[in-house]
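Participant: Chain by chain, the residues:
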Amino acid sequence: GDTEGGSDNGGKSAKSGTKDNGGADNDGGEDEGGDTGAADDGELITVGIINNDPNESGYRTANDKDLKATFCEENGFKADFYYSLKNDEQITAAQKFIQDEVDYLLLSAADTAGWDTVLQDAQDAGVRVILFDRTIDADESLYEASIVSDMAKEGQTAVDWLKGQGLSDYKIIHLQGVMGSAAQKGRSQALTDTAASDGWEIVEEQTAEWNAEKAQQIVQSVIDSGKDFNVIYAENDDMAKGAVAALDKANISHGVGKDVIVMGFDCNQWALKELLDGNWNYDGQCNPFQSSYIKDIIDKLENDETLSEKTIIMDEKGFDATTITQEDVDNYGI
Amino acid sequence: MSIVKRRSGELRAPTKMTDTNLLTMITICVFVAMYIFAVLFLKKGFLKPQTFFNILNANAALIILACGMSLVMITGGIDISVGGVTALVSMSCAVYLDHKGGSLPMAVLMAVGIGLAFGLVQGYLVAYLEIQPFIVTLAGMFFARGATTIVYNKPFNVANEDFVKLKATRILIPYMGTYNKRGKYIPAYIEIGVIVAIALAILLFVLLKWAKPGRNFYAVGGNRQSALMLGVNVKRTIFFSHLICGLMAGIGGFVYFMHVGSGSPQHASGAEMNAIASSIIGGTMLTGGVGNIIGTVFGVLSLALIQNIVSSAGLDDAWWTGITVAGMLCIFLVVQSIIIARRKKANAAAAKQ
Amino acid sequence: MQKDSLLEMRGIYKTFPGVKALQNVDFTLKEGEIHALMGENGAGKSTLIKVLTGVHVKDGGEIFVRGRENAVHINSPKQAQALGISTVYQEISLCPNLSVAENIFLARGKGIGVNWRNMNKRADELLKELGINVRGSQQLASCSIAVQQMVAIARAVDMECQVLILDEPTSSLDESEVAKLFVLMRKLKERGVGIIFVTHFLDQVYEVCDKITVLRDGKLVGEYEIEKLPRLQLVSKMLGKELDDMADIKNDSPTFKKNDEKPVYEGEGLCSSEGISPFDFKIHKGEINGFTGLLGSGRSECVRTIFGADKVTGGSVKIDGEPVKITKPRQAMKYGIAYLPEDRKRDGIVGDLSVKDNIILALQIKTGFFRPISKAKALEYANKYIDLLDIKTASVNTPIKSLSGGNQQKVILARWLLTEPKYLILDEPTRGIDVGTKVDIQKLMLKLASEGMSVTFISSETDEMLRTCSRLLVMRDRKLVGELTGDQLNQNTIMATIAGGDTNGEK
Amino acid sequence: MAKNNAQPQKAGIAGLFRHQIMIPIAALLLLVLFNLIADPSFFKITLGNNSDGNPVLSGYLITIIDSGSELAILALGMTLVTAASGGQDISVGAGIAIAGSVLLRVLCGTETSPETLHAPVIVAFLVSCLVAMLFGAFNGSLVAFFKIQPMIATLILFTAGRSIAAWINNNQLPNVNERSFSYYGTYIPGIPIPTPFFIALACFLVTWLLLRFTTLGLYVQSVGINEKTSRLNGLNPELIKLLTYILLGLCVAIAALIKVSRLSTINYSVIAKDIEMDAILAVALGGNALGGGKFSMSSSVLGAYVIQFLTTTLYKFQVKADALPAYKAVVVIILVVMSAPAVREKFSILIKKLRSDKTAAQNS
Ligand SMILES: Nc1ncnc2c1ncn2[C@@H]1O[C@H](COP(=O)(O)OP(=O)(O)OP(=O)(O)O)[C@@H](O)[C@H]1O
Ligand SMILES: Nc1ncnc2c1ncn2[C@@H]1O[C@H](COP(=O)(O)OP(=O)(O)OP(=O)(O)O)[C@@H](O)[C@H]1O
Ligand SMILES: [Mg+2]
Ligand SMILES: [Mg+2]
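Chains as they are written, first to last, in the working numbering: chain A, 1 to 334; chain B, 1001 to 1353; chain C, 2001 to 2507; chain D, 3001 to 3364.
Simulated from the structure, these hints should not be mistaken for laboratory data. Errors might be hidden in some of the hints.
Facing chain C, from chain D, some residues (calculated, C-beta under 8 Å) [claimed, not checked]:
{"hint": "1", "residue": "ILE3045"}
{"hint": "2", "residue": "SER3141"}
{"hint": "3", "residue": "LEU3218"}
{"hint": "4", "residue": "GLN3221"}
{"hint": "5", "residue": "ASN3226"}
{"hint": "6", "residue": "ARG3231"}
{"hint": "7", "residue": "LEU3232"}
{"hint": "8", "residue": "ASN3233"}
{"hint": "9", "residue": "GLY3234"}
{"hint": "10", "residue": "LEU3290"}
{"hint": "11", "residue": "LYS3294"}
{"hint": "12", "residue": "SER3298"}
{"hint": "13", "residue": "SER3339"}
{"hint": "14", "residue": "LYS3346"}
Simulated crosslink set (EDC-like; lysine to aspartate or glutamate; CA at most 16 Å straight-line) [claimed, not checked]:
{"hint": "15", "chain 1": "C", "residue 1": "LYS2121", "chain 2": "C", "residue 2": "GLU2091"}
{"hint": "16", "chain 1": "A", "residue 1": "LYS78", "chain 2": "B", "residue 2": "ASP1162"}
{"hint": "17", "chain 1": "C", "residue 1": "LYS2328", "chain 2": "C", "residue 2": "GLU2274"}
{"hint": "18", "chain 1": "B", "residue 1": "LYS1181", "chain 2": "A", "residue 2": "ASP100"}
{"hint": "19", "chain 1": "C", "residue 1": "LYS2030", "chain 2": "C", "residue 2": "ASP2320"}
{"hint": "20", "chain 1": "A", "residue 1": "LYS317", "chain 2": "A", "residue 2": "GLU327"}
{"hint": "21", "chain 1": "C", "residue 1": "LYS2285", "chain 2": "C", "residue 2": "GLU2261"}
{"hint": "22", "chain 1": "C", "residue 1": "LYS2189", "chain 2": "C", "residue 2": "ASP2158"}
{"hint": "23", "chain 1": "C", "residue 1": "LYS2262", "chain 2": "C", "residue 2": "ASP2320"}
{"hint": "24", "chain 1": "A", "residue 1": "LYS295", "chain 2": "A", "residue 2": "ASP100"}
{"hint": "25", "chain 1": "C", "residue 1": "LYS2020", "chain 2": "C", "residue 2": "ASP2217"}
{"hint": "26", "chain 1": "D", "residue 1": "LYS3346", "chain 2": "C", "residue 2": "GLU2274"}
{"hint": "27", "chain 1": "C", "residue 1": "LYS2219", "chain 2": "C", "residue 2": "GLU2033"}
{"hint": "28", "chain 1": "B", "residue 1": "LYS1345", "chain 2": "C", "residue 2": "ASP2217"}
{"hint": "29", "chain 1": "D", "residue 1": "LYS3353", "chain 2": "C", "residue 2": "ASP2310"}
{"hint": "30", "chain 1": "B", "residue 1": "LYS1048", "chain 2": "A", "residue 2": "ASP259"}
{"hint": "31", "chain 1": "A", "residue 1": "LYS273", "chain 2": "D", "residue 2": "GLU3178"}
{"hint": "32", "chain 1": "C", "residue 1": "LYS2328", "chain 2": "D", "residue 2": "GLU3227"}
{"hint": "33", "chain 1": "C", "residue 1": "LYS2180", "chain 2": "C", "residue 2": "GLU2160"}
{"hint": "34", "chain 1": "D", "residue 1": "LYS3316", "chain 2": "A", "residue 2": "ASP259"}
{"hint": "35", "chain 1": "B", "residue 1": "LYS1345", "chain 2": "C", "residue 2": "GLU2033"}
{"hint": "36", "chain 1": "A", "residue 1": "LYS171", "chain 2": "A", "residue 2": "ASP66"}
{"hint": "37", "chain 1": "D", "residue 1": "LYS3316", "chain 2": "A", "residue 2": "GLU205"}
{"hint": "38", "chain 1": "C", "residue 1": "LYS2187", "chain 2": "C", "residue 2": "GLU2033"}
{"hint": "39", "chain 1": "A", "residue 1": "LYS68", "chain 2": "B", "residue 2": "ASP1317"}
{"hint": "40", "chain 1": "A", "residue 1": "LYS68", "chain 2": "B", "residue 2": "ASP1316"}
Built from N, CA and C at the ideal position, the CB exists for glycine as well.
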């Protein structure tokens, strides 16, 4: 781990600036936002929302739906959406929103890096930025708040659970998400650290880029090679699904009390069902419903209240196949 | 005996415009029309000069890549490695500057070097071993993309001081700034990359228009066999087209790097398709022999403008972006094709006179 | 190397896969001499030239050029240019996307800048001097074939060269342009330039040349002074047999006995998108007729309209008296019409396909999508016509594009004969074809007609038409202006009709 | 000049050696040889039982014929398109997303995870075929009637395709729970060889029959080489180009069925990602000129399996998934360089020389 770390668990520790905030000098622009225009009664608050493509995963679809439901005209918002999985396109869109003079810029960045300049521009123009879902690698003063999942914590919860299984030996296939995304960093870090300290064997560590197809191929290849493994740690449900497809083909049993432990993240409804059926063992929650928090923050800012904390961390838990109930599936499935 | 004799045709007025110029004109007109449309019907952002400058800033690298691409396409080839090279350049420079504590000039050299190396190898394979350019450069793209992740597989910001200073340097444009609704004065600016892009575009334009080696590119693209028989060194011309394109990709990669300020394996993904599409929109033909750098520049701007219009047209569902961009592209291409077809007919009729 | 020779080629060998194109060929060009290179189609003339100019790499032999001690190795046309050899190739080799001036000056001269104004000016001067009716700034693609050919010539002449090679430059030129070219050639000759001239027009050879080198089947037959080689002997040297074939074709104009049957084809008020004025046309069973007129008078367009090759915009058609609709080649083929187009490279051959596939193509399309011709059958057809038309090819599987021009033409002829048409249209089938084959084709036509096929024949050489056609339709300015039969079939009447009664001919 | 390496075919063995199919065969042999030397266990195939207790074969080779199937199917259509229109369709990946989305939309209706399917699989498949062929026709008409260069014409769908796919299902990512649906992408109970291989085989056979018992091959080549001539000989070049794109559309739908069935779900933005590049590569590795004209179908299919062989080999040697393209590129370059006519010519001259030296030595 070289550059991450800082920004990822940067929540309440409130120290996020790693070594790269050289270009960003604060001029405290955030205080004077509310004085003109925007908050006039009857007028809609304009927000520009930059998000990843909703069909990236079930998680993202839920996230997008949630945002759309909240930032609608009935609630007093005029929202423009821009979707892209490409960081540079997102940056360009941010510049565009600044030109369009939105009041708020909501941002879920594709990459953690590369955002400081455009956020500085936003600040200079008096556009207030709120990060959601994903942290970025930029100085804290450049945004008002960030509402994110603590990926490192998610990872740690999962790894702790795994530790609790008390296997005689751990032989793990580690399927990573797109390298460099906050979720990948956090969830990988936990496993890598623990594996090193507890002497777990990582049979295979590959990025399947959130992609079920790739995950299937990777696991298939491990099976073909005849290597032994007893845990699949997939950093999202889709990849876990791909891995399981490969296992099924090769008649390797998986799930509660079987040969291979399957772990996923995101809590898709179908994934929780797999847990309920005992086909998978663990699913870590990643809460996509940030919009109400964002709305709170915007309301506060409009009323010139100060924010109590810069980083809000979503409440999340992990589910074990042996304890999960239908109720959980209905409540937490996305 | 033979009685071949012909009606004496009158001297026709010199044909109005070459294919190249015609296509360029179409592009420029469409661009202007779209911009006017945007100003009239979309958010007021389009009235601000900075919106235009932002398009330039964001697309400086693409302009450079597309110019190189046009050159290759004019000679009848294609280079789909440019996006990969861009990613490789930015990642290498980022690692070099940030992890290895390298210096800025060396980083620039490195960027140019990587570009040249790709151009050299691809050019040799295409020109001298006569392998299909699509395959060679497809392999080039695969290689560059893979190599990028081998260099380093995560995105990260570059904190090198010189670089950050360079990246933050903005060239302010006087009298173009505007006040926003909060009463703040926002100066208008362009980035250094834009200057580089414009300079390179002009350079290439001059090369293609006023230098003999430049005309050889057109000759080779128009008819390879004929060009050979007219005494053009076809292989060398093709080689140089790839070399220059590689060089442009290297420089473009660095400009891209300056714009985003980070290294990432995902950088510039799909840039090759954007570059090709821009060139085509700008009037360059994939079949070779026709093309113009000015057209290419406007091609890039048009494509960017389309995306910009779509993003501020208030189309909320994610799928609209892709569908609308494609729709506009489709209309554009069909119009272009109809105009070219009519023109061809006119040409054929002229040949009969 | 002899003192006064500009160029000597010794023992040249060149083999293509399956073809020995050149075997031990010697060739000498002296200062100030116009040297004809003669031979049948596929004899190796173009190959010899391409070896000389570095387009093909020779397999053996030596080339000496004046001013160089040792044998030179010419690997590219550029080197040939540098050695003072400039060339006009058989197939026009210019870049259609560039302007006329650029085509003239491409890859020439020193310096790296392009001075457009200067270049256009010089081009205009040059073109004017040669009497070519275009501007330098015009895009080449918008010029007619003949003009393109003249531009190629202009380029070659304008270069300071000591050797000028002209490979069939005259096949698409009209008389006055040929005359201009000859004046030019003589001028260059006086300056001491050596000229290699390839043509199938014997008249032209005897008009300008000093010497003749004859090739046959890739081998040297000999080099002769022009005075010492009368026509008949030249032809027999080229063909390798004594020739009295010309006499075989009866010299009196063929007569055609009109029978009472309905015409095989009858069209009324035909016109096409290519701007031809509506015309009527009919042909009877076993008749040979032809279109004549100046180049560009619309002969091709007429037959293309008949075949449905261009967009047909009007007119009514009857086949054997039955009204039918012909707007597409497919329909014409269905009614037994076949059409051999004039530009074989563009409209005739399918370059990468084998000779066999090229031969069966039309028949196959006629038989239909679900009834492919079996391999054995295809082979049989191909071999039959290769024998019948004496097509020179390495094998039935050779791609057609590596055949010589004349042989490609024969393959296309074979393609149409194979469909057993009732009515065959031949548009310039003899262009670029050697004398022997020309006669063969004419004989074939007569034979087919006697077997009941109707034939329409277009040729730029009136003699050919007079020898074969019983009826001539005269075109002027894209209009059908006359029809000649019987006694009217002679040069003078034809000329007069073409000129429109005005004896001064074209204004 | 360079584009064309069509050489006169000589009869018999010599002819075979000159035939373009030698290129993928040589590549395949090379890969086999490499694996034999590096680790012969690569070729081990074992018979086991899958989770349902049915017999299945497994091993790297099985993986290759399994995972290479989609590519092989696409290569069939891509070869035709390349031959007829002298360009490539880069929208096949997006097309798979669309076809897959349609398939699931019909199967699942608007539910994300229905208990029972809303329609029989065959109906859904036919609908998706229809849609894919429609999109193929769209590409084809842009190419044929508007004369837009194929790569650019298909760029339109390339840009829009995945969005359209998302739109069809209103951004839902449906799941099929029906077991039998997964048979198309995995195993049919009782048959130990993966189904995709059979599907690919069937497609290949149908294509072979099509080429054998119709004149499609000749028409396509003729149109690809010289459109004008083809028209004068009674063909309708536009129609034939259109036809090839529609056929490719069909291939896309079949590939989509396999892809979707493998996981019983879809992800629009990543399904069949970059498969267009591999499909084009397969055509090129098969020795077909990308500029159109002559083609050899079996070479393309073999080319597709060569690519999968390569991918699987690289996976076996634990090359990182994201670095994999780099190694692939190196191998591809080696392959195409070795098969380049210019290089082969040089080799044959060298061999000739060696041989003549030898005979000279014998004579003396
Ligand atoms: N590129 C090539 N590949 C294979 N064979 C060729 C090639 N070029 C020419 N040939 C063969 O070489 C022989 C000589 O052809 P060449 O073109 O020199 O004839 P030519 O005398 O110019 O005939 P024509 O009067 O018809 O132009 C022919 O049999 C031809 O098939
Ligand atoms: N003035 C001209 N100079 C040179 N080529 C011409 C000229 N006019 C026509 N042509 C060429 O001849 C082709 C056929 O034209 P058209 O049918 O009008 O003439 P044609 O009487 O058949 O003459 P020909 O077949 O001898 O060229 C045209 O497509 C054009 O390329
Ligand atoms: Mg010749
Ligand atoms: Mg004609």
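Participant: Could you grab the alpha-carbon distance between LYS2187 of chain C and GLU2033 of chain C and see if it respects the 16 Å cut-off?
Facilitator: holds (11 Å)
Participant: Double-check LEU3232 of chain D for me: the hint is only fine if its C-beta lies closer than 8 Å to a C-beta in chain C.
Facilitator: Holds: closest Cβ of chain C sits about 5 Å from LEU3232 of chain D, inside 8 Å.
Participant: Next item in the hint list is SER3339 of chain D. Is there a CB on chain C closer than 8 Å to its CB?
Facilitator: violated (18 Å)
Participant: Would the hint on LYS3346 of chain D be counted as holding, given a Cβ-Cβ threshold of 8 Å to chain C?
Facilitator: violated (13 Å)
Participant: Are LYS2328 of chain C and GLU3227 of chain D close enough, with their CA atoms no more than 16 Å apart?
Facilitator: Holds, at about 15 Å.
Participant: Hinted pair, alpha-carbon criterion (16 Å max): LYS317 of chain A, GLU327 of chain A. Please report holds or violated.
Facilitator: holds (15 Å)
Participant: Take the C-alpha atoms of LYS273 of chain A and GLU3178 of chain D, compute the straight-line distance between them, and say whether it is at most 16 Å.
Facilitator: Answer holds: LYS273 of chain A to GLU3178 of chain D is near 15 Å, not above 16 Å.
Participant: Please verify whether LYS1345 of chain B and ASP2217 of chain C have alpha carbons no more than 16 Å apart.
Facilitator: violated (42 Å)
Participant: Was the hint right that ARG3231 of chain D lines chain C, CB cutoff 8 Å?
Facilitator: Interface hint status for ARG3231 of chain D: holds (6 Å vs cutoff 8 Å).
Participant: Take the C-alpha atoms of LYS2189 of chain C and ASP2158 of chain C, compute the straight-line distance between them, and say whether it is at most 16 Å.
Facilitator: Status holds; Cα separation ~14 Å.
Participant: Check the hint pairing LYS1048 of chain B with ASP259 of chain A against an upper bound of 16 Å on the C-alpha distance.
Facilitator: Between LYS1048 of chain B and ASP259 of chain A the Cα gap is close to 63 Å, so the pair fails against 16 Å, i.e. violated.
Participant: For LYS295 of chain A and ASP100 of chain A, compute the direct alpha-carbon distance and say whether it is at most 16 Å.
Facilitator: violated (21 Å)
In this structure, the earlier hints numbered 1, 2, 10, 12, 13, 14, 15, 16, 19, 24, 26, 27, 28, 29, 30, 33, 34, 35 and 36 are contradicted, and the remaining ones agree with it.
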